[in-house]
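Engineer: Residue numbers (numbering that gives the first Met the number 0), protein chains in the order written: chain Y, 0 to 250; chain R, 0 to 402.
The hints are simulated quantities; they were obtained by calculation from the structure and are not laboratory data. Heads up, a few of these hints could be off.
[Claimed, not checked] Covered stretches of chain R (chain Y as the covering partner; in silico rule of three or more C-beta atoms under 8 Å from a C-beta of chain Y):
{"no.": "1", "segment": "219-229"}
{"no.": "2", "segment": "260-270"}
{"no.": "3", "segment": "276-290"}
{"no.": "4", "segment": "303-313"}
{"no.": "5", "segment": "330-339"}
{"no.": "6", "segment": "385-391"}
[Unchecked claim] Computed footprint of chain R on chain Y; a stretch qualifies when at least three of its residues, placed anywhere within it, have a C-beta under 8 Å from a C-beta of chain R:
{"no.": "7", "segment": "25-37"}
{"no.": "8", "segment": "88-95"}
{"no.": "9", "segment": "155-163"}
{"no.": "10", "segment": "205-218"}
For glycine and all other residues, C-beta sits at the position ideal for the given N, C-alpha and C.
As a plain string of letters, each chain reads:
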Amino acid sequence: MNGNTRLENLLAQNNWAAADEAQRQGAAALPLLRSLLGREPYLLRQIAMTCVGRIGDPAGSDILAAGLTDTNINVRIAAANELSQKPYPGALERVLGLLQQNPDDAVRETLALAAGHLPSPQTIEVLRGLVSGTDELAGNARMALAKLGDPAARAAMIADLAAPLPRTRYDTVGQLRYVGDVSLAPHARKILADRAIALAIGAMVTPRYRRVCDQVLDTLVYLLSLKVPFAVDVEQIYTDEQLSQVERLTR
Amino acid sequence: MPITKVIHKSERIVPVRFARAPDANDPSIGSGPFGADSPELDDRGFLPLTTGGAVMPVGLDEALAITARPETRVRLIREDIEDAAVLFVTTETVGTVVVTVPDLGTALPNTREMMIKLRALASGTTHLQVRFGSVIGPIIHRMQVVVHPLIDVRMVGHAPTINGLPVIDPGSGDPFSAQTTRTDDSIRALVDTANAIYFPYGIRLVLDAVIDRAGVANLRNQGMVNPNSRTEFQTVTAINRVPNAANAYFVSQLADGTAAVPINTILGLATSARRNPRTFGLFIAENAESGQVLAHEMGHLLGIINDPTNEFLHVNTVFDPAFPGTGRVVRDEIFTRRRLLYAFTVLEPDTNPITHPYRDEVGYGDRVVGGMLTVKQLANDKTDQEVATVRKAAADLSRAPGP
């Protein structure tokens, strides 16, 4: 069985394993995936969006853009999720249009992150229109603007690294990973000693607390591609020694 | 005279009010089981101004043709206006919902309790309006309606075998079984109830066709997962784990076999997918009889309570080392008792049943907790906007974790 037939069979069964097969095939699978637009059931189209994202080729932009206006929200969400992962320049117009007018809050919030991968004067203009407010859409729009180099958005994020509420500092320093600019690392490093409790994790009967410094460590390791001799992920609570190691590495 | 009320000094006039409609045909019935077509209203006051009163969430299955979509119902109750008053119901805008009962242009019945049914057309927000005299008469009451398209959340059911020291079940005299005795059908029944609760909020749990019964874990006690043990939690939730899905583990007991975490006390346990993106999951113990428990734990998995200060654990409890587990109770009024993230599965009998008998029945049966998620954000309430939180978490579940 050749790859295309395998992929067709998996898609016909609405099997999520199709995403792995599509990834193996790469851009060669895009015509088949494009042919699924408008086909029923919606789960088929939803899986197709995930397949396009796994392939990750900008040539799939039109498929994801079409997914954003699908009749089913699960397809719209899948398309928005994939667009938020990497740049798909061909989807720029659709992303910006729907960012301004879309009844689905969850889709809009994700599209704001997608816009951060799509530099253009129009992108900046649209995102600036969304940053007022305190909701998730405004926060994501600010992150996207910061990723695109907008000075005001960056200044606002840097200011929030000193916010009174630990959770605000924690979230903001985590958002720097999305912004992905190594020049922001020194700002994160300034609060590496911040031991304030920010986020309860684990089961509530035995909560553990991530501190601001734990998030800072994650961000520094990501932004600076640091090699450290211990596991780093967003559920770790680091020892003083581990924090010191990163402090020394970034001195 | 439509309103007859003796007023000595000042009095609040409530001509009509909306209420949940548990029965499909009889609007005089005010209590009944969870139903996808009978949503709980977020009727906590008249704020914010944009809402102006109660909010009714309505689920929308976009995959169904409009005529095949289920109707959603709500009761309208005459409080201070007489039964003879002629009332009509209209919608503020066209295209979000359509009223199917009563018929277009027909007055509501001249009864104290009246049934209104509507069908979702498209995602969005509108208001139901109650008008006096005619379909263009003055609006005497209104309720916001929010239509939520259904977001699918893949759920993978697991019934692992847990080996360990046998612990005797005092009820049967036999050891707790290593594997849950729940059948596939009984697990599906729990999911069905949870879906009835979540439908109005636009969340649908899609359980895999096959329940995974192949997993094995070697823990301290047979059939038991110790809720205080992070190691046991993570050991079990790693079994045949499926990414980007709600992995639900059905076990005999959530206990440690000692008085510290006694048997038959904890019915469910879950961790938030947003806070624990690598290890999140949920557990349901054998003694959880209602799918409300599964719905409650799914709420935790989908990120509620979402208190940025980490103070609230449930809608009625806050963290306090002196009250480990569910936390210290800080409020227990009627609205709280109706909410899905209430800390307990059974309402404690009110201490004064003579003066407060209504506190034990909040719309679902005697001492049964409700399934309400809040739509509104009331000022300074750290437990609000639950619908927005769970919908965002559900949408994010299918996305690969970011850096």
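Engineer: A separate judgement is required for each hint: does it hold in the structure or not?
Structural biologist: Results for each hint:
Check result for the segment 219-229 of chain R against chain Y: holds, 4 residues qualifying (beta carbon to beta carbon below 8 Å, three or more required). Here the segment 260-270 of chain R counts 4 residues with a CB under 8 Å from a CB of chain Y, which clears the bar of 3, and the coverage holds. Counting residues of the segment 276-290 of chain R whose beta carbon lies closer than 8 Å to any beta carbon of chain Y gives 3, which reaches the threshold of three, so the coverage claim holds. Counting residues of the segment 303-313 of chain R whose CB falls under 8 Å from any CB of chain Y gives 4; the rule of at least 3 is met.
Only residues whose beta carbon comes within less than 8 Å of a beta carbon in chain Y count, and the segment 330-339 of chain R has 0; fewer than three means the coverage is violated. Using a Cβ-Cβ cut-off of 8 Å, 3 residues of the segment 385-391 of chain R lie near chain Y, which meets the minimum of three, so the contact claim holds. For the segment 25-37 of chain Y, the stated coverage by chain R is not satisfied: 0 residues place a CB nearer than 8 Å to a CB of that chain, which falls below the threshold of 3. Counting residues of the segment 88-95 of chain Y whose C-beta lies closer than 8 Å to any C-beta of chain R gives 0; at least three are required, and the coverage claim is violated.
Counting residues of the segment 155-163 of chain Y whose CB falls under 8 Å from any CB of chain R gives 0; the rule of at least 3 is not met. With a cut-off of 8 Å between beta carbons, the segment 205-218 of chain Y has 4 residues touching chain R; three or more are needed, and the interface restraint holds.
Of the numbered hints stated above, those contradicted by the structure are hints 5, 7, 8, 9, listed in ascending order.
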